[in-house]
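Novice: Listed below are the residues making up each chain.
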Amino acid sequence: MRETRHIMGMPITIEVVGTPDSAPLERVFAHFEAVDARFSPFKADSEVSALNRGDVPPWARSAELEEVLELAEQTRRETRGYFDIRRPSGGIDPSGIVKGWAIRNAARLLADEGWRDYCVNAGGDIQCAGHNAEGAPWRIGIRNPFNARQSIKTLQPGDAGIATSGTSIRGQHIYDPHHPDRRLSEILSLTVIAADIFDADRFATAAFAMGDEAISFIAETPGLEGYAVDRHGVATMTTGFKRYVAHA
Amino acid sequence: MKKALLSLAVIAASSGYVVYQNHAAQSLSQDNASALILPSDASKDGSDLSGPAAAAVGSADSAPAAEPATATPPPSVRMGSALPAPSPAEEGDEARKDVAANVFSTPAPPPAPPIGQAAPVVAPASPPQVAAAAAEPAAPAMPLPRPRPADAPSIVVASQSAQSTGAFRDGTYQGSSANAYYGRVQVEAVIQGGQLVNVKILDYPSDRRTSRAINSRALPGLEREAIQAQSAEIDAVSGATLTSEAFMQSLDSALAQASGGASGGRGRA
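If you're matching them up, the sequences are chains A and B in order.
Using the working numbering, read the first sequence as starting at 1 and increasing by one per residue.
Using the working numbering, read the second sequence as starting at 1001 and increasing by one per residue.
Hints are all accurate, no fakes.
Lysine to aspartate or glutamate pairs mimicking EDC-like chemistry, simulated, CA-CA at most 20 Å apart: (1) K242(A) / E1225(B); (2) K43(A) / E33(A); (3) K242(A) / D159(A); (4) K242(A) / E1233(B); (5) K242(A) / D196(A); (6) K242(A) / E1223(B); (7) K1200(B) / D1170(B); (8) K43(A) / E64(A); (9) K242(A) / E220(A).
What the hints contain is simulated information worked out from the structure, not anything from laboratory work.
Produce the entire structure from the sequences given, and follow the hints as far as they go.
Specialist: Have a look at this one:
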């Protein structure tokens, strides 16, 4: 059973193999709705928006918010500050950590219910388990940053999580007119595979901002494999990435 | 969210701009779709193409570029190949996708969102040239940016309705603020002479920190390859297209105001 809904500003596809029942999908979608309701900085009545207004004293924070804040701080340290949910103008935007966290929790929700074959795809960040409806390993493509209708790699991540960070506008030199010499992205796409989607997502997000150094950062961080595509269509991958590549 | 004024509008005096190459080879229908074509910064990109990239993409001369090689300003409006039809459900219906063999022959603009579209964009290329590209699916070359036209507008968008009826009213229109998950995207569209001549990004997700200068290292073990389109069937696709959808949503809403279709437009001549 598979369904896609738009939540948190992105398409979220849930597939659970081996049941015509939509109830597990409903529970997962409800989970994402709840995450959005709590963490969206674009919803005035979310806990994050209240926090940003100064309306939430530390003792009143929800356990989930505390957890996310702690994970964000941990990620900030692990990425030498390249990942930072604090906004320059004040307040926080935890979107970069909430996404992978929510996907991981969605997968756990299904596993805890006893499902062994499923796939959770939120905006291109994916956590699967087991096998697809044909009984084969899940096959995940990496989208071609030059052509959204193609993929440039076929992967079988197994139970690993896979996340891709990318530039929004293909091949464009977007620049800040105040710093015209500073290009905003040296690489167009960075795909990270990690034991779970939470790690894949936060490191893909953090590393993308490092431009040319991104793939080196992935290579030197234990437990991560990566595939970066530059604006010339040349990809650089870490040594262990090839073991995830599907063969025929 | 920090509002950074990012401007796509580039005129001859500016440092650079980039082209989308739209190929008729990919157009499968006349569905309305909007996209942008910007002149490219050929001098910057062309000279960078060396080493593995050049070897991988083959001869630049054989690139199935949609644009003519001569540096002429894009024609005012040309009816030509329609754009690849957007697939609104693309993100959701990823299963069992068969993909084209050629990774560069059909570069597409960002997928358009499933809302009212502006009419097709026209690639400023002669149709025979594009048709020739369609007949050579095997060429793996990346379409190279062409020389920057001297006084080309930064963006050329042609729409059937705009050409025949002048449906875009001159003025400046702010698009809606679209949700790109990591932030919001909002664009401002400038219409002159009935055409879109400039798109300014008013708001853009700022979680992507600007790269800091750090020492470049070449780690041993990193392997490089030219990307290649895959034809295997897949269950899902990992990729980042979110902000581009938001960009197109915001642009479409601006163009809708320019067409007089939306209320609350802030057009001013």
